[in-house]
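Colleague: Now for the letters of each chain:
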Amino acid sequence: MIRLKTPLSEEDILKLKIGDRVLLSGIIYSARDTAHKRLVELIDKGEPTPIDLKGQVIYYVGPAPAKPGYPIGPAGPTTSVRMDPYTPKILSRGVKGLIGKGNRTQPVIDALKKWKAVYFVAIGGAAALISKRIKSAKVVAYEDLGTEAIREMEVEDFPLIVANDAHGGDLFQEGVGRFKVE
Amino acid sequence: MRQIDRNLIIDTVAELCIKANTELGEDLVEAIKRAKEVEESEVGKEILDIILQNIEIAKNEQLPACQDCGTAVVFVEIGQELWFPFNLTEAIYEGVRKGYKEGYLRKSICDPITRKNTKDNTPPIIHYEFVPGDKLKITVAPKGGGSENMSEAKVLAPAAGIEGIKDFVVDRVNRSQANPCPPIVVGVGIGGNFEYSAYLAKKALLRNIGDRHPDPFYADVERDLLERINKLGIGPQGLGGRITCLDVFVEVAPCHVASLPVAVNINCHVARHKSKTL
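Quick note, the sequences are listed as chains H and F, same order. Whatever position you read off the first sequence (first residue = 1), add 2 for the numbering used here. Whatever position you read off the second sequence (first residue = 1), add 751 for the numbering used here.
Heads up, some of the hints might be wrong.
What the hints assert, rightly or not - Straight line, CA to CA, 27 Å or less: simulated DSSO-like cross-link-like pairs of lysine-lysine: (1) F:858 x F:810; (2) H:137 x F:852; (3) H:134 x F:784; (4) H:69 x F:1027; (5) H:39 x H:116; (6) F:982 x H:182; (7) F:810 x F:954; (8) H:69 x F:810; (9) H:7 x H:118; (10) F:852 x H:134; (11) H:118 x H:56; (12) F:849 x H:134; (13) F:796 x H:17; (14) F:982 x F:784; (15) F:888 x F:1027; (16) F:858 x H:137; (17) H:39 x F:870; (18) F:858 x H:69; (19) F:1027 x F:849; (20) H:39 x F:867; (21) F:1027 x F:852; (22) H:7 x H:91; (23) F:886 x F:954; (24) H:116 x H:47; (25) H:140 x F:867; (26) F:810 x H:137; (27) F:770 x H:137; (28) F:796 x H:19; (29) F:858 x H:39; (30) F:770 x F:849; (31) F:870 x H:140; (32) F:1027 x F:858.
It should be emphasised that the hints constitute simulated quantities derived from the structure, not laboratory data. Being a predicted model, the structure only gives us computed values, none of them experimental.
Make a model of the complete structure from these sequences and hints.
Modeller: Okay, here's the thing in structure tokens:
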């Protein structure tokens, strides 16, 4: 088990290999479909993004409402591949880690290698458990998007698995290949 | 003619929405525990363990197990001796509104094009069925988007036969890989017509893990499909492993001589359904 703290350095990233289990702590940012669209529109226009993306980790999540006394509601990952059309441009701004669930497409795998970043999977459906590892959360951009707003979250020991590393590795392909029975 | 109080229906639907999301079935928990014993992938075993811990936390703290609290799919069996001096459909809507608000459940229903959220998770999808007697059975089966997106209906040529159906189901799961949050539960509707096969596939997901089709032929089809799907190697969360699927349920209806409709409805490991009879 590898313990990491955000922001992630290039040195942290290059050490990670597919299949590594990571406990992540520190600040991460939530963003999903519409937030990605807006961020990429700003990047395309050469304008600053509402949060500085350099060295940061983005979590694809749309949490459930928080119960009274809880910093956030259940908050498991959403399907990552929907962000793939935007991801290479997001990585070009220095994002070092992506968290979601499910396979990525080749352009993202290539961009992770090019920009030295990793894709972690969180356990899809384990939303109640994950929310217990989120110590605080506040909306920092796009409040109008509701559950899809960009939130700054402080996490402690967020359990993750390295699915695509900065060396072109793909745990989905490797893992399924290992267990497939012809 | 027996009457059932409108408020009782509202409260029952609300309670079922909350319970379905926060308290997963014992059958499912036992199946995931067994899967953990069988799984050979270390990563897969750890994932199944986290899934079990999550179910425990959700139940103890009354939190939805998954942040995607789904489309509220409601199956209603109406005893034909019942009489409703009010709008039953509207009462069910009200129950969904109440449950999703009071249970702090995520509201995920929006306009298909503008994507504007209805903000109360209505409308639910309601399937009514008339049955003999004077009871009202309500089942709420919240259904997540990620697994629903991997579902498919097709009308095959009759010549495709049972092997054609099996190939279609296995191929559909194989193309889904990690997306529907494996380990999955698979519902298959065979026969009927285009829309009825999809309804059957959804209804199949209401069964408890391990419940086999009463017809030995289809029970064998279920066992064979489960075995074939688990040979795909997709594994927990699609990262490789022996356990891709926890169970396969088939529902069957007669169809037109020219057609062989088949539908596959995939459920994630947060396979939710709760029932109550009034």
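Colleague: Each hint should be assessed against the structure and marked as holding or not.
Modeller: Hint-by-hint comparison with the structure:
no.	hint	verdict
1	F:858 x F:810	20 Å, holds
2	H:137 x F:852	24 Å, holds
3	H:134 x F:784	22 Å, holds
4	H:69 x F:1027	26 Å, holds
5	H:39 x H:116	22 Å, holds
6	F:982 x H:182	6 Å, holds
7	F:810 x F:954	25 Å, holds
8	H:69 x F:810	14 Å, holds
9	H:7 x H:118	17 Å, holds
10	F:852 x H:134	21 Å, holds
11	H:118 x H:56	12 Å, holds
12	F:849 x H:134	25 Å, holds
13	F:796 x H:17	24 Å, holds
14	F:982 x F:784	20 Å, holds
15	F:888 x F:1027	6 Å, holds
16	F:858 x H:137	23 Å, holds
17	H:39 x F:870	22 Å, holds
18	F:858 x H:69	14 Å, holds
19	F:1027 x F:849	17 Å, holds
20	H:39 x F:867	16 Å, holds
21	F:1027 x F:852	20 Å, holds
22	H:7 x H:91	24 Å, holds
23	F:886 x F:954	20 Å, holds
24	H:116 x H:47	22 Å, holds
25	H:140 x F:867	23 Å, holds
26	F:810 x H:137	20 Å, holds
27	F:770 x H:137	26 Å, holds
28	F:796 x H:19	19 Å, holds
29	F:858 x H:39	22 Å, holds
30	F:770 x F:849	13 Å, holds
31	F:870 x H:140	21 Å, holds
32	F:1027 x F:858	23 Å, holds
The earlier numbered hints are all upheld by this structure, with none contradicted.
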